[in-house]
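Trainee: Listed below are the residues making up each chain.
2 protein chains.
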Amino acid sequence: MSLTMYQASIPVFVRMLGNLSNILNKAIAHAEATQIDQAILINTRLAADMYPLSRQVQIATDMVKGCAARLAGIDVPSYEDNESTFTELQARIAKTVVFLQSISKEQINGSEKREITLKIRGNEMVFLGQSYLFNFVIPNFYFHITTTYAILRHNGVELGKMDYMGEPQTLDIKIL
Amino acid sequence: MSLTMYQASIPVFVRMLGNLSNILNKAIAHAEATQIDQAILINTRLAADMYPLSRQVQIATDMVKGCAARLAGIDVPSYEDNESTFTELQARIAKTVVFLQSISKEQINGSEKREITLKIRGNEMVFLGQSYLFNFVIPNFYFHITTTYAILRHNGVELGKMDYMGEPQTLDIKIL
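Protein chains in written order, with full-length UniProt numbering: chain A, 1 to 176; chain B, 1 to 176.
Everything labelled a hint here was simulated from the structure, so no lab data went into it.
If a hint is listed, it holds; no wrong ones were tucked in.
Which copy is meant is left open, because identical chains are indistinguishable; a pair holds if it fits in one copy or across any two.
Here are the simulated DSSO-like pairs of lysine-lysine, each with C-alpha atoms no more than 27 Å apart in a straight line: (1) Lys161 with Lys113; (2) Lys161 with Lys174; (3) Lys174 with Lys113.
Bound conformation, chain A alone:
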């Protein structure tokens, strides 16, 4: 079977959100072990004019809920963007996964040329579905997950690349 818009989006997003959730679990464990207030990690930035960890997680989830809804041609779920604890960020990730899993292959497939209108920096931009997925959503999604990881690594949380990638055992591959 040849590649589809669904395969290029929903299962990949669900897998990476699982990895992001595991990364946050390690941050929680680190905060408990080192007696650091979780709020410090949540409000940490890599530069004064970059977003803090909480906003990185919010945008990562925004990207994929927006993508799934727009490619499917349904309303984008609205979140309040008021998460201030790891528990709340985990709940946001979990509800995003539930939303992604509610979208069927039939809703997403064939959306390569669907017109997607976004307002970015004051301009309305009309993407076609495939370019929206590959040139806007995917680079943004990985940017914000990687930046979350980078904030935590820079602050001493014991994470490795496999936490970001996910265990290969969970993929459809053979390990010899």
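We have chain A already, so just place chain B on it with the hints.
Mentor: Below, chain B without anything else, positioned relative to chain A:
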């Protein structure tokens, strides 16, 4: 036309390598303006046990030259991994773009189920082409570009998200 393995890989990689090259150009300009030795930026890490900037650029390019070659079923070009200046890193990016552009749609398309064997942490793993692209190459590629960006942002280089994303004017979109 429906999504293809070629569209999901080569043009996306070429575009992002152009953005990475622009990011390095801003790092060079920053080093010149602030009289910082370029080697300091090139050897900077976000954590003592993370790779420095030079290695981030090396791995980002490794990911996509490996991907293009393996999906096409040809030998992976071998690089010496000896870049120690921005000029050399830019040359590595440029030769990777030339290699990517030498691969035709016909070589990549239909590789969804091609078996790709990688040696990772001592284990041989056999991916199918589509899973290799979406669950291994793409997450790694964006990880190392984002980490390059993050190292530079953390060290005061004036970069914004649009440097990472690339100008929308270069995409096939309408701006209203």
